[in-house]
Amino acid sequence: MTVYVNPFRQLRREMDRLLTGFFPTTFDEFLPGFVRGQPAVNIWDQGEELMVEMEVPGVKSNQIDISVTGDELTVKVERPDLTQEDVIYHRRERPTGIFTRVLQLPCAVDAQRVQADLHEGVLNLSLPKAETAKPRKINVATA
Amino acid sequence: MSLEEFDRVRQLIRNEKNDSKSERQGVIIMTTENTINKPDGDVAAAEHTRSGRFYRPNVDILEQADELLVLADLPGAKRDQIDIKFEKGTLTLHAAVPGRQSQDQRYLQREYGVGDYYRTFQVSEAIDANRITAEYADGVLTLHLPKAPSIKPRKINVGT
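Residue numbers (the working numbering), protein chains in the order written: chain H, 1 to 143; chain U, 144 to 303.
One or more of the hints may lead you astray.
Stated by the list, open to error - Think about it this way: if two alpha-carbon atoms lie no more than 20 angstroms apart in a straight line, the pair counts; the simulated SDA-like pairs of lysine to any residue are: (1) U/221 <-> U/290; (2) U/290 <-> H/84; (3) H/76 <-> U/252; (4) U/221 <-> H/124; (5) H/134 <-> U/250; (6) U/290 <-> H/86; (7) H/134 <-> U/251; (8) H/60 <-> U/285; (9) H/60 <-> U/280; (10) U/221 <-> H/61; (11) H/60 <-> U/221; (12) H/60 <-> U/279; (13) U/221 <-> H/74; (14) U/221 <-> H/119; (15) H/76 <-> U/281; (16) H/60 <-> U/281.
If you are wondering where the hints come from, they were derived from the structure by calculation, not from laboratory data.
Full structure from sequences and hints, please.
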């Protein structure tokens, strides 16, 4: 059997690992979501499922595209540019455009049972872990 | 911190640098940055008089013929928790946002924090304070600041 290895993905993981050691992770919680030109995500493990939260103010549900393949989650968010003519902008901090986040999840999830909801500009995803990813107790057979 | 995040932080730093140069034209409305902003940019800063952490919401301020519009991103804020005050030429925006996960929640990946939003703006007297209105939808607050009649352009006919 041939095992296909994507060298780019490996490199990316390696870089992530390096950078994670470089910067203190506590720094992140001082940042609000959606300030750095891309919607930020928080991911946590809730036992049976993985939870993903994203701040996407001003985005309607039909402007969000979510797809799941194995352990990869892709969220595409479109925040349209509503620039009007004859308007003077004194300040422009709210990012617009199409943002795509491809997230590597720690385990495979059941794509069929993924749920998403959007309230007050906060997107919540519930991703049930795939059966294959759950821990399984193996009994040792005695002779 | 992942590589992607690193990119974004770098981008933010770049934006900050640009920001200091641009968007500082003579305006009717100015944001008073010193109250909330940390020297290192668009990150949350604690306000000393109150407990908890405050986040500075992103805003767009645009000027139309008869009003100024302030659009503020307040994701996660509930309508009845948004507090807008106008006093002595200062517009204060505050929204209480309780944490959505428990305090001791451990994250696999954490890129942002959740907390109250706070920002103040200096508004000139050319704004009709009594007619300020606000609406909120999908995590975005829209504030309408109507211009006072005195500063609206007025056509003056030359008498014969």
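These are the hints, each one checked on the structure:
1. U/221 <-> U/290: 28 angstroms, violated
2. U/290 <-> H/84: 19 angstroms, holds
3. H/76 <-> U/252: The hint holds at about 18 angstroms.
4. U/221 <-> H/124: 16 angstroms, holds
5. H/134 <-> U/250: 19 angstroms, holds
6. U/290 <-> H/86: With Cα atoms ~16 angstroms apart, residue 290 of chain U and residue 86 of chain H stay inside 20 angstroms; holds.
7. H/134 <-> U/251: Judged against 20 angstroms, a Cα distance of about 17 angstroms means the pair holds.
8. H/60 <-> U/285: 16 angstroms, holds
9. H/60 <-> U/280: Judged against 20 angstroms, a Cα distance of about 10 angstroms means the pair holds.
10. U/221 <-> H/61: Holds, at roughly 18 angstroms.
11. H/60 <-> U/221: Distance ~17 angstroms between residue 60 of chain H and residue 221 of chain U Cα, so the pair holds.
12. H/60 <-> U/279: The given pair, whose Cα atoms are some 14 angstroms apart, holds under the 20 angstroms limit.
13. U/221 <-> H/74: With Cα atoms ~28 angstroms apart, residue 221 of chain U and residue 74 of chain H exceed 20 angstroms; violated.
14. U/221 <-> H/119: Given pair residue 221 of chain U, residue 119 of chain H holds - Cα atoms ~9 angstroms apart, limit 20 angstroms.
15. H/76 <-> U/281: With a Cα-Cα distance of about 17 angstroms, the restraint between residue 76 of chain H and residue 281 of chain U holds, given a limit of 20 angstroms.
16. H/60 <-> U/281: 7 angstroms, holds
Hint compliance for this structure: hints 1, 13 are broken, all remaining hints hold.
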